[in-house]
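Asker: Chains as they are written, first to last, in this note's numbering: chain A, 5 to 298; chain B, 37 to 338.
Incorrect hints may have been included.
[Unchecked claim] Simulated pairs of lysine-lysine, BS3-like, Cα-Cα distance not exceeding 25 Å:
#1 A:LYS127 <-> B:LYS327
#2 A:LYS256 <-> B:LYS296
#3 B:LYS296 <-> B:LYS101
Everything labelled a hint here was simulated from the structure, so no lab data went into it.
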Amino acid sequence: MSALAQDTSIPSAKDLAPVPRERRRRWTYYSLPVYSGAFFLYLLIPIAFMVVYSFNQSRAALPQVTSRWQGFTTQWYRQWNGVPGLGDAFILSIKLALIATVLSAILGTLLALALVRYRFRGKGVTEQVLFSNIAAPEIVLGASLLGFFITLNQPRGFTTLLIAHVMFCVAYVTITVRARLSGFDPMLEQAAQDLGANPWVSFWKVTLPLIFPGILAGALLAFALSIDDFVTSNFVAGSSVTFPLWVYGAVKVGIPPQVFVLGTAIFSAGLVLAVTALVLQGRAKKARPEPEEG
Amino acid sequence: MEQHVRADLHGVEPPRRHRRLGRSASPYLLGAPAIVWLGVFFVIPLVTMLSLSIQTCDSITLACKLTWHFAEFPNSIGQYSDTFVRSLVYAGAATVAALVVAFPVTYWIAFRAKRKNFFLLMLLVPFFVSFVIRTTAWYTLLADQGTILNTLKNLHLVPESFHLLATPLAVIGGLAYNYLPFTALPLYVALERIDRRLMEASHDLYATRRVAFTHVVLPLAIPGIFAAFLLTFVPAAGDYVNAAILGGTNTVMIGQVIQKKFLEASDYPAASALSMVLLVLMLVGIAAYAKFLGSRTIEEYV
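Start from the sequences and build out the full structure, keeping to the hints where you can.
Answerer: In C-alpha cells, the structure reads:
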C-alpha cells in the first residue's frame, strides 16, 4: 500500500506544508525604522532646544532667550523665581491643574463606568457630546464659554478657569478609563458578590484596583492638558494669568530664560511619571499574563 | 403548596424589584455629574453663542438683546472671506503634511516595532511641553539670525535674503508640528486593529506586498485616516497661536480675528457668528464621518 502511494507520487504532508516565503529584506526593512527615528528626532527638536538653552548664559541686562550659545550656566535654575509675575503664574497653573485633574478624574471615571456597564437612554447622545467636545476647535470652546459667562454676568477668574479646564478634561479621562474598563471581566465583580461582598465592597476591592491604571493614565492626560492650555484659558481667565498665558504675553518682547527652566521642570516631571506608569504596567503584565497571550 | 410558593415569591420579589430600579437609575447617577458639567459648560454655551450671534449689542454698555439679526453671518463671512479661505488652506496643507509624515511611522509602530508602548509614549512627549513654549522654541529656531537659517545660509543652500518667520510656510509648519500627535494616534489605532490574518490571507492569494498594502491595509485604515483628518484639520482651522507667533500681517487666520473681536473689540455678535462657522465646519465633518463610515466607530479614535 505504502509503496503504491509513493509510486503514484501523492504528495506527503510535508510537501503540502507551505513553502517558506523567500525572506528577502526589502527596502522598507531599513528605511522605515530610519525614517521613524528621524521623525522622533524632529518631534524632539523644540523640546531639546528648550532643555539645552535653559542652561545658556546671557550677559544682557534683560536676559532673553536667543539661539546664540554663550556658555553653560545653572544661574537660571537658581533664580527660577527671579522674574516678576512668572513664579506666581506658574504656581497658579499648578494649583489649577491639580484641582482640575482630581475633579475631572472623578467625574470622568464615573461616566466611563456608566457608559461601559449600562445601556441607557441618552447614551448615544452622551458619546456624541464627548466626541464633539474633543473634536471642537479650542477657540469655539473658549469663545462660547466666555459668551456664556458674559450672559450670566459671571466675573472671570480662577473659578471660570477651573470650570473650563474640567470641561475639556472630562471627555479625555472618560475615554481613557473606558478603554481600560472594556477589557475588564464583569464576572470578577460577580464572583466577589457571590463571596458575600456587597456592591460597594466589590467596587473598592475588585473594580477600582483593576481600573486604577486607566484612571491614572486619564488623570495624567488631564494634568498635561490643563497645565498646557492656552486658548480656552485666554478667553475665560479675566485678570488671572496662568503660565502659558504669561509666556504668550512675553513672546514678542522676548522671553526670559526662566520660562525654559520652568518648561523643563514640567517636562521632566511629566516624563518621570509617564515612564513610571509604563514600567509599572509592564511589570503588572509580566506578573499576570493575559489569557490570550499565555 | 401553592400558597407556600406564592409566599416565597412574595418574599423574593421586593428586593428584586428594588434591584431592577437601582439598576435602571445607576447609569444616570454615575454619569450625572459629568453629563451635567458638559451640558451646562459645553452644550449650553454653544447654544448661547448661537443666540449671541443673532443679537444686537449696545456698543457702549455692551448690553445685548435678542433681535434675530441674522445679517451678522453673511456680513462677517463676507468681510472675512479671505481670512476664512486662508485658514482652510493652511489647515488643509498642515493636515495633509501631518498625515503624510505620520503615516509611515504609525505603520512601523503598529506592524514592526517591538516596544510599542515606548514609541507611543514618544509620540506623546511633545504634550509634556507647553504648546506655547514649543511654538516659541520654533520661533527662536526659525528666526532670521537663528540656528537653522544661519546654517542653511552658510552652506549657501538658501539665498541671503531668505526668511521663514511671517511666511505661510512657517505657520503651516507650526500647525503640522503642533497637531502631529492628534494625527498619529487615530492612525495608530486603526492600523493596530487590522487583523494580521487578513494580510496572511492576501499573501496566500498571491498578493504582492504592495497589493496587500493598497488592497488590505489602506482600505481598513480609512476610518482612522478620516478620524485623524478631522481631529487635526478642525482644531488647526481654528488655531491662532501658530499664526500669531510664527506668522505676520499677511498670514492672519480666522482664530486671530475671533480672539480680537471677543477680547479686544468686544464685538460679541460678529465673533460668535465667526466661531459658529467653525463649529458648523466641525459638525459637517462629524456628520460626513457618520454617514460614510458609521457613527459607532467615531468615538473609538479619540
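Asker: Look at each hint and say if it fits the structure.
Answerer: Taking the hints in turn, this is what the structure says about them:
1. A:LYS127 <-> B:LYS327: Distance ~19 Å between LYS127 of chain A and LYS327 of chain B Cα, so the pair holds.
2. A:LYS256 <-> B:LYS296: holds (17 Å)
3. B:LYS296 <-> B:LYS101: holds (22 Å)
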